[in-house]
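Novice: The primary structure of each chain is shown beneath.
Number of protein chains: 2
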Amino acid sequence: MDINLKPIGTISSPYKVRENTPRQGRYSDKTSIIIIFDEFADGLEGLVINQHYIILYWQDRAERDELKVIPHGKTEKKGVFSTRAPVRPNPIGFCLVELLMIEGNHLTVRWLDALDGSPLLDIKPFWKELDSI
Amino acid sequence: MDINLKPIGTISSPYKVRENTPRQGRYSDKTSIIIIFDEFADGLEGLVINQHYIILYWQDRAERDELKVIPHGKTEKKGVFSTRAPVRPNPIGFCLVELLMIEGNHLTVRWLDALDGSPLLDIKPFWKELDSI
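Taken in order, these protein sequences are the chains called A and B. Each residue of the first sequence is one higher than the one before, starting from -19 at the first, in our numbering. Each residue of the second sequence is one higher than the one before, starting from -19 at the first, in our numbering.
To be clear, the hints were calculated from the coordinates, so they are not data collected in a lab. Some clues are possibly wrong.
[Unchecked claim] Cβ pair distances, simulated, as ranges:
id, chain 1, residue 1, chain 2, residue 2, range
1, B, 10, A, 25, 45 to 53 angstroms
2, B, 31, A, 86, 19 to 27 angstroms
3, B, -4, A, 29, 25 to 33 angstroms
4, B, 108, A, 44, 41 to 49 angstroms
5, A, 3, B, 43, 17 to 25 angstroms
6, A, -1, B, 7, 27 to 35 angstroms
7, B, 55, A, 44, 41 to 49 angstroms
8, A, 19, B, 19, 33 to 41 angstroms
9, A, 86, B, 52, 24 to 32 angstroms
10, B, 112, A, -4, 42 to 50 angstroms
11, B, -6, A, 9, 39 to 47 angstroms
[Said to hold, decoys possible] The list that follows gives simulated cross-link-like pairs (lysine-lysine, DSS-like), each with its CA atoms no further than 25 angstroms apart:
id, chain 1, residue 1, chain 2, residue 2
12, A, -14, B, 10
13, A, -4, B, 58
14, A, 57, B, 104
15, A, -14, B, 48
16, B, 48, B, 58
17, B, 104, A, 104
In this text, a Cβ means the ideal position worked out from N, Cα and C, and glycines have one as well.
Could you put the whole structure together from the sequences, leaning on the hints where they help?
Specialist: Structural data, given as structure tokens:
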């Protein structure tokens, strides 16, 4: 079975190449702009500024054929499912972000680590009681 | 652009139909078993029992054509991106789970709310400093 995703928008970010991307978006205060395609804009109703959201995006420049990687700062290979490396069979990026501004279809956020031009897949509200330990 | 996902496993869960599924997996102590397909099993190396993981799965029985829904317990429609409803253009389910047991390719977890037979997309380790507020 193959599953087809349709991008719902695109991400405009300060990270143009992988080498300049923060190890995790949470460690940077740079902002990115999420641009929702017009046909999906109705789905934004109810988003609230200064709230936190889960962003799922497509890591379109990540390898998909490796099952083991050497994690950042380590020397031995580990299975990709025990790491946060973008390398994995389905490179779906996951970031918890803070929504700073909404201007029409443009959402300004911080903590996102996506490369510039990454396709957006989904936005979900973060619920502390569900999504934290 | 279309994006193709490949299921990396399947979820065996006590929830056979949507009506009997908990509103959120976190509110149930029932366990589910994640079965990783053999070809992806090498990616499991390094998973640790009693640790927490992010599970991404495909909500294969969810509608994809609606952009507004009435959230559980509410009376007015909201944009899907401000809700946790499975209805959305790319119905990727997201659950934080606790890993209880590993037996070969079988992972026993709690807090997962997936319907029985849902395709598994990804497993990522939960990092409290990145993934919490």
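Novice: Could you run down the list of hints and mark each one as holding or not?
Specialist: Hint check:
Checking the proposed 45 to 53 angstroms range against residue 10 of chain B and residue 25 of chain A shows it is violated: the Cβ atoms sit about 34 angstroms from each other. Between residue 31 of chain B and residue 86 of chain A, the C-beta spacing of about 37 angstroms breaks the proposed range 19 to 27 angstroms. In this structure the supplied range 25 to 33 angstroms is violated for residue -4 of chain B paired with residue 29 of chain A, their Cβ-Cβ distance being about 40 angstroms. A C-beta distance of roughly 28 angstroms is found between residue 108 of chain B and residue 44 of chain A, which places it outside the suggested range of 41 to 49 angstroms.
Checked against the hint of 17 to 25 angstroms, the C-beta distance between residue 3 of chain A and residue 43 of chain B comes to roughly 37 angstroms, which is inconsistent with it. For residue -1 of chain A and residue 7 of chain B, the hinted distance range of 27 to 35 angstroms is not satisfied, since their beta carbons lie about 43 angstroms from each other. Checked against the hint of 41 to 49 angstroms, the C-beta distance between residue 55 of chain B and residue 44 of chain A comes to roughly 43 angstroms, which is consistent with it. The beta-carbon spacing between residue 19 of chain A and residue 19 of chain B, approximately 36 angstroms, falls within the hinted interval of 33 to 41 angstroms.
Distance hint check: the CB atoms of residue 86 of chain A and residue 52 of chain B are about 29 angstroms apart, consistent with the given range 24 to 32 angstroms. Between residue 112 of chain B and residue -4 of chain A the C-beta distance comes to about 29 angstroms, which lies outside the given range of 42 to 50 angstroms. Taking the beta carbon of each, residue -6 of chain B and residue 9 of chain A are about 43 angstroms apart, inside 39 to 47 angstroms as hinted. With a C-alpha separation of about 33 angstroms, the suggested pair residue -14 of chain A and residue 10 of chain B falls outside the 25 angstroms cut-off, and the hint is violated.
Our distance criterion of 25 angstroms between C-alpha atoms is broken by residue -4 of chain A and residue 58 of chain B, whose separation comes to about 34 angstroms. Between residue 57 of chain A and residue 104 of chain B, the direct Cα distance comes to roughly 16 angstroms. Compliance with the 25 angstroms bound is thereby established for this hinted pair. A threshold of 25 angstroms between alpha carbons decides the hint, and for residue -14 of chain A with residue 48 of chain B the separation of about 17 angstroms falls inside it, so the pair holds. In summary, the hint linking residue 48 of chain B to residue 58 of chain B is supported, as the alpha carbons are separated by about 5 angstroms, within the 25 angstroms threshold.
For the hint pairing residue 104 of chain B with residue 104 of chain A, the CA-to-CA distance comes to about 17 angstroms; that is within 25 angstroms, so the pair holds.
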